[in-house]
Amino acid sequence: MNLTTRLPGLTLKNPVMPASGCFGFGKEYSQFYDLSELGAIIVKAATGEARYGNPTPRVAETSSGMLNAIGLQNPGVEKIIDEELPFLRSYDTPVIANVAGSTVEEYIKVTEALNRSEDISALELNISCPNVKEGGVQFGTDPSLAKEVTFKVKEASNYPVYVKMSPNVSNIVEMAKAVADAGADGLSMINTLTGMQMNLKQRKPIIANKTGGLSGPAIKPIAIRMIYEVRQSLDIPIIGMGGIITAEDALEFLLAGADAVAVGTANFQNPLACPDIINDLPRVLKQYGFDSVEDAIGKGHV
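Each residue of the sequence shown is one higher than the one before, starting from 1 at the first, in the UniProt record's numbering.
These aren't lab readings, by the way, just hints derived from the structure by calculation.
Each hint can be trusted.
Below, in silico cross-link-like pairs of lysine-lysine (DSSO-like), each with a Cα-Cα straight-line distance of 30 Å or less: (1) Lys109 <-> Lys79; (2) Lys13 <-> Lys154; (3) Lys27 <-> Lys109; (4) Lys152 <-> Lys79; (5) Lys13 <-> Lys286; (6) Lys177 <-> Lys299; (7) Lys109 <-> Lys154; (8) Lys147 <-> Lys177; (9) Lys154 <-> Lys177; (10) Lys13 <-> Lys27; (11) Lys27 <-> Lys79; (12) Lys79 <-> Lys147; (13) Lys109 <-> Lys147; (14) Lys13 <-> Lys299.
Please build the complete structure, drawing on both the sequences and the hints.
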């Protein structure tokens, strides 16, 4: 079974990669399996300076999902380039760096710094984090801001740019068109939905930030719907994500129009989630009558 899929700047041996924020920089998971099995790796977000994230508690389990308000904790782009990315050189897997910021200038600063790295193959522009006070989803819910930051990052980048889309919008196609018009090479869909959960004994939200990003199986139907809608309107590559646990889930995303898939919350439940899906994907593709991954992409459109 041919699992190869192609994206701008990336030829993937299979379509499965861990989603940013759910895999760190790969060191912990490398103890469980060979990271070369992955189609690609999207590493944790990089900002201009180190961020310590939001106060705790900042993670809570929900029915069919998880809330998090980590707040883009990371050591800063320079340390990521010098101390984290080199570890991934020994693996035969493309690395996608996630770029975050509070201002357009910070996004450009991070992008220009990453241009110096030879350890990455593409950028994922994070304009959809719901857990930071400045930047993040502010850019991802306003078409004009999304267009501006995408255009400037694309102009500054030596690498293909995939824009990570927020589902916290009323018209996902309008947002996708805005970043496509600005030159985005592809989209990552979707980031988390803003949610809240109460602590009954304390009579207050469980998460210190009050709200957090909801991920996991609960958001899968929303992700598939949004990918389907964007694929119907735009011819732009899509990395699909949102509640993928099994190879059958991955096939649903491919049918909706995703060219590749990313696995997020499932990694916390099962560290082998990604290789399990990769190993099972040939059986599932064959079961549903497909000869390859590329044969299944977009075939769910009627």
